[in-house]
Structures are given as structure tokens and as C-alpha cells.
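Here's the letter readout for the chains.
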Amino acid sequence: AQSVTQLDSQVPVFEEAPVELRCNYSSSVSVYLFWYVQYPNQGLQLLLKYLSGSTLVESINGFEAEFNKSQTSFHLRKPSVHISDTAEYFCAVRPNSGYSTLTFGKGTMLLVSP
Amino acid sequence: EAGVAQSPRYKIIEKRQSVAFWCNPISGHATLYWYQQILGQGPKLLIQFQNNGVVDDSQLPKDRFSAERLKGVDSTLKIQPAKLEDSAVYLCASSLGRGLYTEAFFGQGTRLTVV
Chain H
50 AQSVTQLDSQ VPVFEEAPVE LRCNYSSSVS VYLFWYVQYP NQGLQLLLKY LSGSTLVESI
110 NGFEAEFNKS QTSFHLRKPS VHISDTAEYF CAVRPNSGYS TLTFGKGTML LVSP
Chain G
5 EAGVAQSPRY KIIEKRQSVA FWCNPISGHA TLYWYQQILG QGPKLLIQFQ NNGVVDDSQL
65 PKDRFSAERL KGVDSTLKIQ PAKLEDSAVY LCASSLGRGL YTEAFFGQGT RLTVV
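Read top to bottom, the protein sequences are chains H and G. Be aware that the first sequence starts at 50, since it is given in our numbering, and climbs by one per residue. Be aware that the second sequence starts at 5, since it is given in our numbering, and climbs by one per residue.
No wet-lab data here; the hints were simulated from the structure. Every value quoted in this text rests on a predicted model; they were computed, and no experiment measured them. Misleading hints may appear alongside valid ones.
[What the hints assert, rightly or not] Distance windows between CB atoms, simulated: (1) 117(G) x 101(H): 37 to 47 Å; (2) 133(H) x 43(G): 15 to 25 Å; (3) 13(G) x 105(H): 29 to 39 Å.
Ideal placement from N, C-alpha and C gives every residue a C-beta, glycine not left out.
Make a model of the complete structure from these sequences and hints.
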């Protein structure tokens, strides 16, 4: 079984400040790792994913995440946030074999203020 | 490309009533998922279909929840009778389902309030 821990339920930041949203996971098998974003009254959208290869992955809107196997972490970072980044962010894992499904963390609400 | 469609968007019912949600996945997607997202929590998988067969329903409360995917396309999720703790957003997602990894695309969800 897998589990995902997002320690921060809410992260308030000012616009143009850097941010890090933390994610730690537990799994007895190898996993794929994901960050999803959920804007108000919308469904989940995939932000970025780690499947294999380079441990640093980037999204098209300036977010990046680094897979750290020894620390079982997949923290999400952005050097300068915008008001439009205000949303809930979910970290998720999935075993990399079989008919496996996503296990989500509880989410972190990113609140960007001017 | 059309996304995952869900209806209704919102539903309010009294406890002990029944309710049904509908999901139309992306065309050609073999795998369909139903997730329950309670306020303040991450989505939790209720059931996964591969075409019209159930792959995983281990977390589905089978005494009151049921789901079907006739013909391997659309799916319905039913709750009968509803309890107060069933208040949540019900998300449907679909993926191609072939290969080691295929991305899951989510619908906007149905927000259920049980009063």
C-alpha cells in the first residue's frame, strides 16, 4: 500500500515570492509521482509528473519538483508565484506496474496575495 | 478533444434518499475511475473499471454504493440510501489504460450535499 503526506494544509505567500509545497510518500514498491492542481470549482489537472530519468521535472508554468528517493520526497517549488497560482495542490503516487491507481495526499491550499 | 463530462454538477438530497451520478469519459479511454473527495481531504478511489469490467472496488461501500459501466463507455455511480457522511465531490476520471503509464484526466465533479 502507498500513502502520501502533505504536511501543510495551507501556505500563504505574497505575489512574486518563492514557494515550496512539501510532499512525502511511503511505498513498498517503486512508484510514479505526480502533482495535480485544482482551481476553485474545477476538476483536477495534472501539473507535472516523475516517471523515470532526470529527478528534476518541470511544468510549463514555472513549477518544478524534484524526486528524492532517499528522503521519499517530491516537493513542489516555484521561484516567483502569481495571483493566478492560487489553488489547491495535490501530491499523488502510483505503483509503476499493473492496474494500479493514484493515491492522493490531503492537499495544500496555496494562497497568493498582492 | 472533449474532456470527461459529468452530471449533474450539484445535487442536494435528504438522508436516506437515493442519487445517481453520470460520467462520460474521453472517447477511446478504456479505464474509468470514480473518486470521492470529502472536504479537506484528497480524492479517494471508489472503483476502477477497465472497459466494462471492475478492476478495483475494494474501497467502495457496497452496502449502499453501486457503479456500472455498461458497454464500456458511460458509467453511473449510485448511492442508496444516502448518509450525511456521503456529502462530498464525486470525481470521474478516465485514461487510455494501455502501457505502463497513461495520464488520468478528471471531470469537474459532482458536488453532493446530504441534509
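| task | Could you tell me which of the numbered hints above are not met by this structure, giving the numbers in increasing order? | result | Result: no hint breaks.
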